[in-house]
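Peer 1: Spelled out, the chains give:
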Amino acid sequence: MDTVTESQRTLYPYVTGSSVVAIKYKDGILMAADMGGSYGSTLRYKSVERLKPIGKHSLLGASGEISDFQEIMRYLDELILIDNMWDDGNSLGPKEVHNYLTRVMYNRRNKFNPLWNSLVLGGVKKGQKYLGTVSMIGVNYEDNHVATGLGNHLARPILRDEWNENLTFEEGVKLLEKCMRVLLYRDRSAVNKIQISKITEEGATVYPPFSLKTYWEFSAFKNPTVGAEGSW
Amino acid sequence: MFRNQYDTDVTTWSPAGRLFQVEYAMEAVKQGSAAIGLRSKTHVVLACVNKANSELSSHQKKIFKVDDHIGVAIAGLTADGRVLSRYMRSECINYNYTYESPLPVGRLVVQLADKAQVCTQRSWKRPYGVGLLVAGLDESGAHLYYNCPSGNYFEYQAFAIGSRSQAAKTYLERKFNNFTASSREDLIKDALIAARESLQGEKLTSSVCTIAVVGVGEPFHILDQETVQQLIDTFEIVREEETAPAEPEAAAEQDAATEQASGADQGGAGNQGGADQGGSPMDI
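Protein chains in written order, with full-length UniProt numbering: chain A, 1 to 232; chain B, 1 to 284.
So that you can see chain B by itself, here it is in the shape it has in the complex:
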């Protein structure tokens, strides 16, 4: 995308019928670190790649609980994401106060989209620079929506946004047909694998990946680091190779469970070492 004379104002159309400012806002989403969502009939899982700016800083919060039955993962300008999360929480609380009932996800998403649309049609505003993956449960089942800065929203079985999300999407495209009937554990496993895909070579640990779940009988909550690390270890997805032979993997399982890391080839053992050697000060 190149600069042109139609991109100064959000209220200026280009001759080709495009609003460049809105498109630039969507670019901001693509620059943010990846966020992934997938759903089954009864559960929705959100996974985020959390990159800290430096080893000294903490990770940015990218997943927000909106209500017991709704949560959101963001990619892009996280400040905009926080503000929109606050709006969503407010809407949920107000609805609950009036009707003693949880706000249907589909309605919240439409309200959010209409709010985003306003910013694309006022000369004194700018579009929100954040994409939101809204995960929620209501009477009509489990839902995953994507809200973008343009004011559009779409419902998905699985989706990924942010940088290197294409790798995650490719993985999800292969597997999504099975998601509806997936169990909670399989869904989380697929989310972790998709997150690993978008890490592209880097080690998947609980310090770079955050997972949140919502399901029937399970209020939205973010899994704590320990649990995530255990899941990663159990699912053996530290390194890229899904095609790794079964035997070394089985051996690695025993290694990880029993010994401290000794720099072995197997990825599983490397996990234990990470906490001692490569982890940032904030982890310890």
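Just chain A, same shape as in the assembly:
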């Protein structure tokens, strides 16, 4: 007789966000992500905010399962709440939040019940800039520029060539737009509704969404089948 149902664990993601790209710049961290929530191969939700400020000093960007991201937000809200309740002049900085998330992600992975996300955590505290990432299996590292998913393959090579530590805000945004444009062209789960957010010593700002200009007038696109008889 079936008396006990097997305990459930995450097997596959359902509603997913695509890449997040982030860089350190002169005054802090810049982060970019599109606002798409894919349901398999359908680009179903087009206003999903995947960049969120955490406390006074950090920004979190998430790709992967959106419901797990929402759950992570609940964990972090509680963490920040308790941190604020101490009311003692100390506060959790981006390094602490990143490590906390690493512990959470790794522990879930060990139970074979992962939170199906790749996270980017950036922030500034007392003039120190911090940018790190954690994956669903708990792999975590810091760097001057990070990305999740396809961003690692498409955006990071651009950043390796063109990033420097004295980027102004405008230069940083331009660089991120370049990365997001490549992702838009080449990642099938990308949508053309981008959000950029920044965090500096003064605080976090999530900018309103905008869309990227794209160019499709390549001659090769005019007659796509000219070199391939029988295709459409």
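Watch out, some of these pointers could steer you wrong.
Result set (DSBU-like, lysine-lysine): computed pairs, CA atoms no more than 35 Å apart in a straight line [claimed, not checked]:
{"no.": "1", "chain 1": "B", "residue 1": "K115", "chain 2": "B", "residue 2": "K30"}
{"no.": "2", "chain 1": "B", "residue 1": "K65", "chain 2": "A", "residue 2": "K95"}
{"no.": "3", "chain 1": "A", "residue 1": "K126", "chain 2": "B", "residue 2": "K41"}
{"no.": "4", "chain 1": "B", "residue 1": "K169", "chain 2": "A", "residue 2": "K125"}
{"no.": "5", "chain 1": "B", "residue 1": "K41", "chain 2": "A", "residue 2": "K129"}
{"no.": "6", "chain 1": "A", "residue 1": "K126", "chain 2": "B", "residue 2": "K189"}
{"no.": "7", "chain 1": "B", "residue 1": "K203", "chain 2": "B", "residue 2": "K65"}
{"no.": "8", "chain 1": "B", "residue 1": "K115", "chain 2": "A", "residue 2": "K111"}
{"no.": "9", "chain 1": "A", "residue 1": "K56", "chain 2": "B", "residue 2": "K30"}
{"no.": "10", "chain 1": "A", "residue 1": "K126", "chain 2": "B", "residue 2": "K51"}
{"no.": "11", "chain 1": "A", "residue 1": "K95", "chain 2": "A", "residue 2": "K125"}
{"no.": "12", "chain 1": "B", "residue 1": "K65", "chain 2": "A", "residue 2": "K56"}
{"no.": "13", "chain 1": "A", "residue 1": "K125", "chain 2": "B", "residue 2": "K65"}
{"no.": "14", "chain 1": "A", "residue 1": "K125", "chain 2": "B", "residue 2": "K41"}
{"no.": "15", "chain 1": "A", "residue 1": "K126", "chain 2": "B", "residue 2": "K115"}
{"no.": "16", "chain 1": "B", "residue 1": "K125", "chain 2": "B", "residue 2": "K41"}
{"no.": "17", "chain 1": "A", "residue 1": "K129", "chain 2": "B", "residue 2": "K65"}
{"no.": "18", "chain 1": "B", "residue 1": "K115", "chain 2": "A", "residue 2": "K95"}
{"no.": "19", "chain 1": "B", "residue 1": "K41", "chain 2": "A", "residue 2": "K26"}
{"no.": "20", "chain 1": "A", "residue 1": "K26", "chain 2": "A", "residue 2": "K125"}
{"no.": "21", "chain 1": "B", "residue 1": "K61", "chain 2": "B", "residue 2": "K51"}
{"no.": "22", "chain 1": "A", "residue 1": "K111", "chain 2": "A", "residue 2": "K222"}
{"no.": "23", "chain 1": "A", "residue 1": "K46", "chain 2": "A", "residue 2": "K193"}
{"no.": "24", "chain 1": "A", "residue 1": "K56", "chain 2": "B", "residue 2": "K41"}
{"no.": "25", "chain 1": "B", "residue 1": "K51", "chain 2": "B", "residue 2": "K203"}
{"no.": "26", "chain 1": "A", "residue 1": "K193", "chain 2": "A", "residue 2": "K129"}
{"no.": "27", "chain 1": "B", "residue 1": "K189", "chain 2": "B", "residue 2": "K30"}
{"no.": "28", "chain 1": "B", "residue 1": "K175", "chain 2": "B", "residue 2": "K125"}
{"no.": "29", "chain 1": "B", "residue 1": "K175", "chain 2": "A", "residue 2": "K126"}
{"no.": "30", "chain 1": "B", "residue 1": "K41", "chain 2": "A", "residue 2": "K95"}
Treat the hints as calculated values from the structure; they're not laboratory data.
Given chain A's structure and the hints, the job is docking chain B onto it.
Peer 2: For chain B alone, coordinates are given in the frame of chain A:
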């Protein structure tokens, strides 16, 4: 304090609104040997008077490193102090593991105080019989806290607890205004002088006094006996008299540096002799 019908249980109030068991626990702190703490903007120094039970035994450990940035000096039931130190170390390690960051001193102190409070409100427990001077550094600067068995905690610029601590406190009260800007060396010197005050006539040597320091760029550590003895010699605080004339002191400095003790009047020379004549077997 006298026995009365309200002091059997920690969970019994007296009509005057007192919990006698908690107050008795604080008495235990006053019976322990002295512990002194002082802080500047960048450093915190702890000093302890270590009295061995007999010449044959070793001294009791009263200063504990809790983490690289926190240390504690205890007075009272040292067994209770050890247990609380273990708790503090555990909390620091757990915090560091989760956040890769040192636990802010203020938070540790509150956790410690809440733990002590529990023992004042359970009929099957007794209050911890130890006072702790918690010295630590965090983002907001250098801190010195005093945690008492009642579950209260206070932050101090300088403080002393244990027996004959009033003498040390009197000295500290005179000098504390300058502590914020003190250098590390001056802070240690003041700690040694305060320790000497609470010795009240006995000779201050490194065998009766332990010093620990924590500061910006300097992890918490206990100074070794040799270093402490050198500091005592340098600062010339073997005997009580601060008002000793300058000349004999200058002469004593040369004596201590060059000759073996010959039982001279000056205290400085007496230091060298102490190791040969009056020191307990554990020192040699």
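Peer 1: Now tell me if each hint is right for this structure.
Peer 2: Do the hints match the structure? See the list:
no.: 1; hint: B:K115 to B:K30; verdict: holds (21 Å)
no.: 2; hint: B:K65 to A:K95; verdict: holds (25 Å)
no.: 3; hint: A:K126 to B:K41; verdict: holds (18 Å)
no.: 4; hint: B:K169 to A:K125; verdict: violated (39 Å)
no.: 5; hint: B:K41 to A:K129; verdict: holds (26 Å)
no.: 6; hint: A:K126 to B:K189; verdict: holds (33 Å)
no.: 7; hint: B:K203 to B:K65; verdict: holds (27 Å)
no.: 8; hint: B:K115 to A:K111; verdict: holds (32 Å)
no.: 9; hint: A:K56 to B:K30; verdict: violated (44 Å)
no.: 10; hint: A:K126 to B:K51; verdict: violated (45 Å)
no.: 11; hint: A:K95 to A:K125; verdict: holds (9 Å)
no.: 12; hint: B:K65 to A:K56; verdict: holds (32 Å)
no.: 13; hint: A:K125 to B:K65; verdict: holds (28 Å)
no.: 14; hint: A:K125 to B:K41; verdict: holds (21 Å)
no.: 15; hint: A:K126 to B:K115; verdict: holds (32 Å)
no.: 16; hint: B:K125 to B:K41; verdict: violated (39 Å)
no.: 17; hint: A:K129 to B:K65; verdict: holds (31 Å)
no.: 18; hint: B:K115 to A:K95; verdict: holds (28 Å)
no.: 19; hint: B:K41 to A:K26; verdict: holds (31 Å)
no.: 20; hint: A:K26 to A:K125; verdict: holds (14 Å)
no.: 21; hint: B:K61 to B:K51; verdict: holds (10 Å)
no.: 22; hint: A:K111 to A:K222; verdict: violated (52 Å)
no.: 23; hint: A:K46 to A:K193; verdict: holds (8 Å)
no.: 24; hint: A:K56 to B:K41; verdict: holds (26 Å)
no.: 25; hint: B:K51 to B:K203; verdict: holds (12 Å)
no.: 26; hint: A:K193 to A:K129; verdict: holds (27 Å)
no.: 27; hint: B:K189 to B:K30; verdict: holds (24 Å)
no.: 28; hint: B:K175 to B:K125; verdict: violated (40 Å)
no.: 29; hint: B:K175 to A:K126; verdict: holds (33 Å)
no.: 30; hint: B:K41 to A:K95; verdict: holds (25 Å)
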